[in-house]
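K.L.:
Chain by chain, the residues run as shown.
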Amino acid sequence: MMKAPVGGAKHQLLRPSYSALLLCALALPMQAHAAGTVAGSTISNTASASFDNGAGTQTIDSNTVNLRVDELLDVTVASNNPSDVATTPGGTNQLLTFTVTNTGNGQEAFGLSTIANVGGDNYDPTITGIYIDNGDGIFDPATDTLYTAGSNDPVLNPDQSARIFVVATTPGTVADNDRGIVTLVAAAKIGTGAPGTTFAGQGQGGGDAVVGSTGADGQDNGAYKVSAATVTLVKSAVVADPFGGSEPVPGATITYTITATVAGTGSVGGLAITDNIPADTSYVTGSITLGGAPLSDASDADAGDYNGTRIRVQLGTVAGGQTRTVTFKTKID
Amino acid sequence: MRKALFLLIAALAPAQAFAANQVALDNNVFVERVTTDAAGKQRVLLEEPKVVVPGDRLVFVLNYRNAGAQPADKFVITNPMPSAVRFAGAGDMPPLVSVDGGKMWGQLADLTVPMADGTRRPAQPADVTHVRWAFQKPIPAGATGKLIFRGVVK
Numbered sequence: 001m002m003k004a005p006v007g008g009a010k011h012q013l014l015r016p017s018y019s020a021l022l023l024c025a026l027a028l029p030m031q032a033h034a035a036g037t038v039a040g041s042t043i044s045n046t047a048s049a050s051f052d053n054g055a056g057t058q059t060i061d062s063n064t065v066n067l068r069v070d071e072l073l074d075v076t077v078a079s080n081n082p083s084d085v086a087t088t089p090g091g092t093n094q095l096l097t098f099t100v101t102n103t104g105n106g107q108e109a110f111g112l113s114t115i116a117n118v119g120g121d122n123y124d125p126t127i128t129g130i131y132i133d134n135g136d137g138i139f140d141p142a143t144d145t146l147y148t149a150g151s152n153d154p155v156l157n158p159d160q161s162a163r164i165f166v167v168a169t170t171p172g173t174v175a176d177n178d179r180g181i182v183t184l185v186a187a188a189k190i191g192t193g194a195p196g197t198t199f200a201g202q203g204q205g206g207g208d209a210v211v212g213s214t215g216a217d218g219q220d221n222g223a224y225k226v227s228a229a230t231v232t233l234v235k236s237a238v239v240a241d242p243f244g245g246s247e248p249v250p251g252a253t254i255t256y257t258i259t260a261t262v263a264g265t266g267s268v269g270g271l272a273i274t275d276n277i278p279a280d281t282s283y284v285t286g287s288i289t290l291g292g293a294p295l296s297d298a299s300d301a302d303a304g305d306y307n308g309t310r311i312r313v314q315l316g317t318v319a320g321g322q323t324r325t326v327t328f329k330t331k332i333d
Numbered sequence: 334m335r336k337a338l339f340l341l342i343a344a345l346a347p348a349q350a351f352a353a354n355q356v357a358l359d360n361n362v363f364v365e366r367v368t369t370d371a372a373g374k375q376r377v378l379l380e381e382p383k384v385v386v387p388g389d390r391l392v393f394v395l396n397y398r399n400a401g402a403q404p405a406d407k408f409v410i411t412n413p414m415p416s417a418v419r420f421a422g423a424g425d426m427p428p429l430v431s432v433d434g435g436k437m438w439g440q441l442a443d444l445t446v447p448m449a450d451g452t453r454r455p456a457q458p459a460d461v462t463h464v465r466w467a468f469q470k471p472i473p474a475g476a477t478g479k480l481i482f483r484g485v486v487k
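So the protein sequences, as listed, match chains A and B.
When we follow our numbering, the leftmost residue of the first sequence carries the number 1, and every step to the right adds one.
When we follow our numbering, the leftmost residue of the second sequence carries the number 334, and every step to the right adds one.
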């Protein structure tokens, strides 16, 4: 048997005073809230009183007050890329990821759009598509849904999120370290506006739809940062004649040195150095070196080869800030 | 200000239909609408709502009256919190609260809530399941009173 502690309230014949209540209301900040009570549900309140007026304990109920919960339209957009996404000049299918969350309390469709010319950046990425994730969190154009405004607007339940992929092409003209910002905007299809704006009868459950604190739209930025690299080649030659001098006479050996310098924050891929053997000279067999180490003439596992007319050293991917030095020799005919 | 507001509430409150029962309990719910006037001053109005949205601040007002000829002893008023409302404090007379569906009662600061790992954490306003006023003295015949608590639509 529950024992109700007596206390906490003394009976008073109080003149009602709301002053304390009001002060309290003004001091309290408006609280942020998650989706909350589902639109269309009813809040029902009934109090009861028990007492003994000499004839034993009696219990009575108060009247019941019913309040219908209307639909709040609220949505947030958040970038899932905590830092800039690296891209390269001309790069295609460059990916930004966002999360769109229905923070309202009713099922709602949201229109998506992007803004590529936001400002505050160096270039405008070319948006090639907006995709709605299939739930695995990984972008795959074959299984994710290409978004078309008005035809497959994502419909989200309260507190439900959708992962959105924005796919863009980076212009070929961008320079190293350039940034390009893309904004993703999500807006309730019923409408947006100042908080409190009401769309009569359009809420879930037959009530009104009321714009919440987000204005029924949300947006966030994602950014690309260009990682580019440039290659500089410097070629030099040293002649050694058969007599200990440096005259370019028949029989003299020419040692060519080619230095490739890669600059920038990016890297270059598939970098190969080729050089034709000059006329009136003959390649000195087995003379290719890379970084001082000899390479074979055959087209094989090592990076160098000679095919009878030119030498080639395949350097593959070289990061910015690095240099590669290739040498080879020819003999003057 | 106070007087104006009181009049407003009086105007909004429906005609009190106290039953022939010797003790009557009338329940009203108001929502606080905060408006900002041209001067940037905030005003709080209490309205009797038909509809609410999550985040709305509600004021529950319970009016009791002992209409009988005898004092009402052991007078206890209990209000289960609607599940969609988070308790947000009370008026001048703080109620006892329960955070376990009405089994244990006390001041919110004295109550705890069991955690999944077996420990207990201090109770929060969101944990409140019931509010209750238990009067120490009998309610005299003819006496009336008003009890207030507040909530926020979850």
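It is possible that some hints are incorrect.
What follows is a list of derived Cβ distance ranges for each label pair [to be verified]:
1. B:Ala459 with A:Thr230: 51 to 61 angstroms
2. A:Thr197 with B:Lys383: 55 to 65 angstroms
3. A:Asn134 with B:Arg376: 44 to 54 angstroms
4. B:Gln440 with A:Thr57: 53 to 63 angstroms
5. A:Asp52 with B:Gly435: 44 to 54 angstroms
6. A:Ile115 with B:Ala442: 10 to 20 angstroms
7. A:Asn93 with B:Arg453: 35 to 45 angstroms
In short, the hints are calculated from the structure, not lab data.
Quick reminder that beta carbons are idealized off the backbone N, C-alpha and C, glycines included.
K.L.:
Now look at each hint and say whether the structure bears it out.
P.N.:
Structure-based check of each hint:
Between alanine 459 (chain B) and threonine 230 (chain A) the C-beta distance comes to about 59 angstroms, which sits within the given range of 51 to 61 angstroms. Take threonine 197 (chain A) and lysine 383 (chain B): their Cβ atoms lie about 18 angstroms apart, and the range 55 to 65 angstroms is violated. Our hint of 44 to 54 angstroms for asparagine 134 (chain A) and arginine 376 (chain B) holds, since their Cβ atoms are close to 49 angstroms apart. A hinted range of 53 to 63 angstroms is violated for the C-beta pair glutamine 440 (chain B) and threonine 57 (chain A), which are about 25 angstroms apart.
Checking the proposed 44 to 54 angstroms range against aspartate 52 (chain A) and glycine 435 (chain B) shows it is violated: the Cβ atoms sit about 20 angstroms from each other. Remark: the range hint 10 to 20 angstroms for isoleucine 115 (chain A) to alanine 442 (chain B) is contradicted by a beta-carbon distance near 50 angstroms. Between asparagine 93 (chain A) and arginine 453 (chain B), the C-beta spacing of about 53 angstroms breaks the proposed range 35 to 45 angstroms.
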